[in-house]
Amino acid sequence: MSVDGAVDVVSVEHLSKSFGDLRVLADLSFSVHQGEVLAIIGPSGSGKSTLLRAITHLETATGGSIAICGTRILDDGVYADKATLRSALLKLGLVFQDFNLFPHFSVLRNLTEAQVRVLGRGAAQAREVAVALLEKMGLAGKAAAYPCELSGGQKQRVAIARALALDPQVLLFDEPTSALDPELTGEILEVLRGLAAEKMTMVVVTHEMGFARDVADRAMLIDAGLIVEEGPARELIDNPRNERTRAFLKRFSRSGRT
Amino acid sequence: MTKMLEAMLEGSVVSLEIFSLTLLFALPLALPVALGRMSANRLVRAPIDLYVLVMRGTPLILQILFVYFAPYYLFEASYDRFTAVVVAFTINYAAYFAEIYRGGIQAIPRGQYEAAKVLGFTRADTFFRIVLPQVVKRILPATANEVITLVKDTALAQTIGVAELFRVAQNASARQFSTTPIFIAGVFYFVMNWAVSEAFLRMERRLEYYR
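So the sequences go chain by chain: W and U. Residue numbers for the first sequence follow this note's numbering, so the first one is 2 and each next one is one higher. Residue numbers for the second sequence follow this note's numbering, so the first one is 9 and each next one is one higher.
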């Protein structure tokens, strides 16, 4: 529960995940509130991506609890039944680093297929939703194109539209600009800014410190599977309190990636 | 001459029948075989592994003999030779096709499954709507190879006395002390495989709209 009593969109308690002997997530607890943008930062291999993958059930957590919009999908290391899991996970949208569009489907069908097959929407309605989203993403002319005909930035915008087409309660982004040429990252960050302005709840794993600082409401630094520091994004990035946060951000500004 | 050509035409029909029936049965049968070979369950995997090992590890000609004669020696049951040929070809080719399918399925990036899962697709929808269409595109060249080999392998049906094209040609050749019938048979196989290659190239071109 957040301060005002509304149910958190995502609530994670004591989450842990090990690959064999390797402990990737140690003991993480945090919540994502309705309408906020949470940036997750941290060094490579810190567990950021695994955290998103555990929340979306692409990885099986080893222990802890996860609730999505009040529905517990993981309770002290035990997963809910298939039906509960499935319907709760539909409230999450995930955008991958390397897009994972369906190459054999047109852009339009990438957006309509799940609406029809998963949500049971009619073809006409699904199409309407898809066309509106493509327009919003500045891809109105690309409905008939195939993913291989698009630039990386366009692919990622299609992937974002594909996730949005299912009306998720929260969008999770796993380094959405890391697979893009530097000159293309701007267009994706612009889309994320637009969604933030609409109060879309988002969790963004990112190396774009400038973006995290300016757009995210909160930021969280993860290192070695633990939350090192958490707070208002601007404050955390401009005036980190923790020594490890300071060291991490320093490395970043030196490598010029902020 | 016309009589010889007539006989050869009949023989070529038998070859075509073996060819078509083998594809009709082996292409679909190979799918569960491929999936079984990728199963996490060892009890499912082990017998299929053995089946593929035997089918690829022994001569097709021996398999044809076995399929036809084993029921006779074991149960004194004899049955239609043509049926035996189709059964032998089907189980042999299903093993090869299955390996091609497996290669194709395993070449689909994990991200496709992950995207499908996150979007809520069922496992069946993920396989049949997202994975399989992409597999088909990838396996077409390797499948064409196998299908072309099948056209030529039909000549092995004569092992148990089925009068397919090559047997008819050999008989005619012996009767006439001439190699012409065998040469004509060669032209037939060539034309047949030309058509097969052309058909596969067309299918590949139809799937060229995406990468």
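A portion of the hints provided could be inaccurate.
[Claimed, not checked] Here are the computed lysine-lysine pairs in the DSS-like style, where the Cα-Cα straight-line distance is at most 30 Å: (1) W/K92 with U/K160; (2) W/K137 with W/K200; (3) W/K137 with U/K125; (4) U/K145 with U/K125; (5) U/K125 with W/K83; (6) U/K125 with W/K200.
[Said to hold, decoys possible] FRET-style restraints, in silico, Cβ to Cβ: (7) W/T63 with U/R131: 40 to 48 Å; (8) U/L140 with W/T72: 28 to 36 Å; (9) W/V132 with U/T66: 54 to 62 Å; (10) U/V204 with W/R194: 53 to 61 Å; (11) W/N243 with U/P149: 55 to 63 Å; (12) W/L23 with U/M211: 42 to 50 Å; (13) U/T66 with W/Y80: 43 to 51 Å; (14) U/Y80 with W/V79: 53 to 61 Å.
[Said to hold, decoys possible] In silico contact screen, one side only, chain U against chain W (beta carbon under 7 Å); selected entries: (15) G111; (16) A115; (17) G119; (18) E122; (19) L127; (20) A132; (21) D133; (22) L140; (23) Q142.
Just so you know, these hints were derived from the structure itself, not from any lab. Even for Gly, the Cβ is constructed at its ideal location relative to N, Cα and C.
**Request:** Starting from U/K125, check that the Cα of W/K200 is at most 30 Å away, please.
**Result:** holds, 26 Å
**Item:** Beta-carbon spacing of U/T66 to W/Y80 - inside the hinted bounds 43 to 51 Å or not
**Value:** Check passed, 46 Å falls within 43 to 51 Å.
**Asked** Using the C-beta atoms of U/L140 and W/T72, is the stated range 28 to 36 Å upheld?
**Response** holds, 32 Å
**Pairwise beta carbon distance, W/V132 to U/T66, judged against the given window 54 to 62 Å** = Taking Cβ atoms as reference, W/V132 and U/T66 lie about 58 Å apart, which means the hint holds.
**Item:** When the least beta-carbon distance from U/Q142 to chain W is tested against 7 Å, hint result
**Value:** holds, 6 Å
**Asked** Can the hint on U/G111 be confirmed by a CB-to-CB distance to chain W that is less than 7 Å?
**Response** violated, 18 Å
**Request:** Note whether the CB distance of W/T63 and U/R131 lies within 40 to 48 Å or breaks it.
**Result:** Given about 24 Å between the Cβ atoms, the range is violated.
**Message:** Next item in the hint list is U/G119. Is there a CB on chain W closer than 7 Å to its CB?
**Reply:** holds, 4 Å
**Request:** Compare the distance between the alpha carbons of U/K145 and U/K125 with 30 Å, and conclude whether the hinted pair is satisfied.
**Result:** holds, 22 Å
**Item:** Hint check: 7 Å Cβ-Cβ cutoff, U/L140 to chain W
**Value:** It is violated, given that the least Cβ distance between U/L140 and chain W is near 10 Å, above 7 Å.
**Prompt:** Within 30 Å, alpha carbon to alpha carbon, are U/K125 and W/K83?
**Reply:** Answer holds: U/K125 to W/K83 is near 13 Å, not above 30 Å.
**Evaluation of the interface hint that places U/D133 against chain W, nearest CB under 7 Å** = holds, 5 Å
Hints 1, 7, 15, 16, 20, 22 from the list above are not met by this structure, while the remaining hints are.
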